[in-house]
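Trainee: Chain A is fixed; fit chains B and C with the ligands onto it per the hints.
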Amino acid sequence: MLEGIEVSKKFGGLKALTNLNFSVEKGQIVGLIGPNGSGKTTLFNVITGFYPADSGKVLFKGKEITRCKPYEIAKLGIARTFQIVRPLLGLNVLDNVTTAVLYGRDNIGTMAKGRGRALELLEFVGLDKKKNAQAINLVSAERKKLELARALAIRPEFLLLDETFSGLNEAEVQDAIKLIFRIRDELGITIFLIEHVMKAVMETCDRIIVIQYGIKLAEGTPEEVSRNQNVIEAYLGKRRTC
Amino acid sequence: MRDKTNGRYMKYGLFLIVMFMLFVFPVLKPPLFFLSLLFTAYMYVALAESWNLMGGYTGYISLGHIAFFSTGAYTTAVFMNRFGVSPFATALLGGFFAAVLAALVGYPVLRLKGAYFTISSLLLAVVMQLIFMNWDFVGSSVGLWYKLLPVSIEINRMIFYEVMLFLATAITLIVRWVEKSKFGAGLIAIREDEDVAKTMGINSPWLKMKAFILGAFFAGVIGGVYGYYIAYVHPEVTFNINTSLLILLMSFFGGCRTWVGPLFGAIVLSLVNQLIVTFIGAEISRILYGMLLVVVIIFMPDGVIHYIRGLFVHRKIRHGDSIL
Amino acid sequence: MTLSYIIESIISGILLGGIYAILSVGFGLTWGTMKVLNISHSVFAVLGAFVSYWLFVKLKVDPILSLPLIVIILFSSGAIIYKLVIRPVQRAKDVIMASMVATFGVAIVVENVMSYFWRPDPRILKPAYASSSIFLGEISISQGPLIGFIMAICAISLLYWFLNHTYIGKGVQATWQNPIGAALVGINQERVSLITFGLSIASAGAAGVAMALIYAFYPSVQSIWTLFVFLVTIVGGVGSVIGTGLAGLLIGSIIGICAAFLPFVWVNVLLFALLLVILLFKPEGLFGN
Ligand SMILES: Nc1ncnc2c1ncn2[C@@H]1O[C@H](COP(=O)(O)OP(=O)(O)O)[C@@H](O)[C@H]1O
Ligand SMILES: [Mg+2]
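Top line first, the protein sequences correspond to chains A, B and C.
Counting from 1, one number per residue, gives the positions in the first sequence under my numbering.
Counting from 1, one number per residue, gives the positions in the second sequence under my numbering.
Counting from 1, one number per residue, gives the positions in the third sequence under my numbering.
The set of hints was computed from the structure by calculation and includes no laboratory data.
Do not take every clue at face value.
[Claimed, not checked] Pairwise CB distance ranges, derived in the manner of DEER restraints:
1) Lys113/B with Lys170/C: 27 to 37 Å
2) Phe299/B with Leu280/C: 27 to 37 Å
3) Leu280/C with Lys63/A: 29 to 39 Å
4) Asp106/A with Ser140/B: 53 to 63 Å
5) Phe88/B with Leu69/C: 58 to 68 Å
[To be verified] Derived contacts from chain B toward chain A, CB cut-off under 8 Å, selection only:
6) Glu162
7) Lys180
8) Lys182
9) Ala185
10) Ile188
11) Ala189
12) Asp193
13) Asp195
14) Val196
15) Lys198
16) Thr199
17) Met200
18) Gly201
19) Ile202
20) Asn203
21) Ser204
No residue lacks a Cβ here, since even glycine has one placed at the ideal position from N, Cα and C.
The shape of chain A in the complex, shown without the other chains:
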């Protein structure tokens, strides 16, 4: 469904991504892992059109989206969350989601209809009780739910999640894992996620892509990846010791 061919991106002299190939099939949950600064967020920014790729192509459902603007990509059905969540702080929870509903792919014209759909989404992520709270008053876990609801509000076919689990406690991680499965199974959305919480990655992902210094290190099922010697050295090894 989403495919990258030889994607490269440099910041000045720094090679953030080098000739990266990847693909995510419809209906899958694919994980993207790698040490800090390995270029994961950069890849998401390239996919969603925030950074132009220096070379290479990104295809979505077979069509090239490499030069598309962020809002065009959203309209095509790719939603994303930000690593550091970015709720619209001056609005309340409901309006955060409503705006996305209005401008998303359903292209709803009136506020009233938009609010109705937004409320459904807030129920879906379990934030309906907070619908009138100002976004600025939410705690971290709630902000993440809001970020998710807002991403879902454009009615995407494909969802990019950037470290949604980080900073959550054990129970919250369990909830979030369930939510991820429900997004795929009930809404039929394909998911590509960046994650540091290994347990969550291992439990949710059908496939995992590992990158380091912007280069693909390994790819495969969770078991394959966790047995891969390079990965253990580069990433998992270090993690396990701490």
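Mentor: Just chains B and C with the ligands now, kept in the frame of chain A:
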């Protein structure tokens, strides 16, 4: 539920009564001074509301509003002076020219953010002022003088009073409608976080452009009427950058997140400003509004209304919520 | 139009450019380091010019001699503005925008206080030496701009030296490069801010005196000076002392060359249009790092 509908009827009723009273006010033959006082107040209401589309909802603080206003005023002036054409048709034309100008300038300038946008918008006004100062067709540094309406001064003031009242009301209602519409929601999302807005599918360059052009159109129409009211244009008077600042202050003072703020701010400050200018002196008035600007930014970045409400409701006002 | 006229014109442009540079350097410093966009910068330059003027007219103190006093007075004014306005504004969400709007207010207040007490008439600072000229063959250079230029060079060098070679100056730089690190080493950020801002205003004051040696000044001229400050700062790259200096010289040369061929007003149109173009296509400036 009943209460709510009743409340709404109350509001509409009150609105209609107030509008009716303002509408018939000139019939009472008040001193002309009051008519011009209110004319100017309405003009600032209209200007502040139209500025707020960009400055308040979208968070792009423009100091170029005066350029659009002056475009309108000069359109009227040139048509009156050169061709003797009647004003109320040229006011719309003034709005049209201002909108075209906004479209031409907006395309590059709206890519800039924050201070860079503000400085560019200021430069737009300055460059235009300099050009008009040296352009003979528009009267260069002498300006253009032309005839008032061929009616008595009382009738004249009355007509302009009603026209400006209509403009202020119409623009305020349109801006209010924008605020509550999908369009407004998009603009507000851009102010809150333009990147996030894009991920919602918001075509932010286009939306900003629409708001910018709409605001400029309103300013042009207002300027067009004003140009005929004042019967002369002069680059240093018409393009006065202090007017841009005053508009900004009015919106911030009232609170630029809602349509009520600029309305309130413009009425209060324009009356205060005019009274001080008339009875004490322009310098004192400017000193006061300069101080007020500082105080508003520091202590009530969401505006007086919000601030006062906060005092009563004991809701914590956070600096984080404000656009600044 | 003779060659010597063109050369004279270019030289006076460059001298002027040097003065614009010192007028701008402090503005770029607070914007680049403290994220404070101080619109009231040039109003303090005008204030400096006024103080120098009064000392000269009433007490017959030469502008060059009174310069240290002006620097001290303006530094103190800067410190007061810092305490009253800048410090509170630094808590805002978007410090650049909030400081910009708030200092617009300061500029209006100071401008109108000056024009209330001292009248809005134009004045010129004219010590005897300012009206005479030096001759290099055919070419004459008026002394007013020359002295202003030398003052500007001295002030920029002093500021540069201060930032790079004194303990406080290094503290200033360290704080702005790495606020948390500097705090850990025990640098008092508020004091550093106060000094940075005070210095910026003091340099504006010195520049105002230099400007007054060339041009007539009056309270509302501050808004025109502000435009030149924008011009030089943005062309030079916000926050770069050297870049500001180079930009000043570049713009001065452009003014000089154009002034030889164009009426002065069109020179300004050209310059501000140039600034618009740079803002649009290279907002980091021509000499920024
Ligand atoms: N806008 C940018 N400008 C310059 N460098 C950047 C930018 N964004 C990311 N980088 C650099 O690219 C590298 C990859 O960053 P990132 O994609 O955020 O890593 P990750 O998400 O894997 O932790 C880092 O070295 C980071 O400093
Ligand atoms: Mg990241």
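Trainee: A separate judgement is required for each hint: does it hold in the structure or not?
Mentor: We went through each hint and held it up to the structure:
1. Distance hint check: the CB atoms of Lys113/B and Lys170/C are about 32 Å apart, consistent with the given range 27 to 37 Å.
2. Separated by about 35 Å at the C-beta atoms, Phe299/B and Leu280/C satisfy the suggested range of 27 to 37 Å.
3. The given range of 29 to 39 Å is respected by Leu280/C and Lys63/A, whose C-beta atoms sit roughly 32 Å from each other.
4. Hint check: Asp106/A to Ser140/B, Cβ distance near 55 Å, so the stated range 53 to 63 Å holds.
5. At about 60 Å, the beta-carbon gap between Phe88/B and Leu69/C stays in the expected band of 58 to 68 Å.
6. Annotation: Glu162/B was flagged as interfacial toward chain A, and the flag is violated, the nearest CB pair being 33 Å apart, outside 8 Å.
7. With a least beta-carbon distance of about 7 Å to chain A, the hint placing Lys180/B at the interface is held under the 8 Å criterion.
8. Interface hint status for Lys182/B: upheld, as the beta-carbon distance to the closest one in chain A is roughly 5 Å, under 8 Å.
9. Among the interface hints, the one on Ala185/B holds; its C-beta lies about 5 Å from the nearest C-beta in chain A, closer than the 8 Å criterion.
10. Of the supplied interface hints, the one on Ile188/B holds, with its beta-carbon coming within about 7 Å of a beta-carbon of chain A, less than 8 Å.
11. Checking Ala189/B against chain A: minimum C-beta separation of about 5 Å stays under 8 Å; hint holds.
12. Interface hint status for Asp193/B: upheld, as the beta-carbon distance to the closest one in chain A is roughly 5 Å, under 8 Å.
13. Given hint, Asp195/B at the interface with chain A, holds; its Cβ is 7 Å from that chain's nearest Cβ, closer than 8 Å.
14. Of the supplied interface hints, the one on Val196/B holds, with its beta-carbon coming within about 5 Å of a beta-carbon of chain A, less than 8 Å.
15. The criterion of a C-beta within 8 Å of any C-beta in chain A is met by Lys198/B, whose closest approach is roughly 4 Å, and the hint holds.
16. A hinted interface residue such as Thr199/B counts as satisfied when its beta carbon comes closer than 8 Å to some beta carbon of chain A; here the least separation is about 6 Å, so the hint holds.
17. The closest approach between the C-beta of Met200/B and any C-beta of chain A is roughly 4 Å, which is under the 8 Å cut-off, so the hint is satisfied.
18. Because the beta carbon of Gly201/B sits about 4 Å from the nearest beta carbon in chain A, less than 8 Å, this interface hint is met.
19. Hint status for Ile202/B: holds, given a least beta-carbon distance of 5 Å to chain A, under 8 Å.
20. Interface hint at Asn203/B: satisfied, since its Cβ lies 5 Å from the closest Cβ of chain A, which is below the 8 Å cut-off.
21. Satisfaction of the interface hint for Ser204/B is found here, the shortest Cβ-Cβ separation to chain A being roughly 7 Å, below the 8 Å cut-off.
The earlier numbered hint that this structure contradicts is number 6, and it is the only one.
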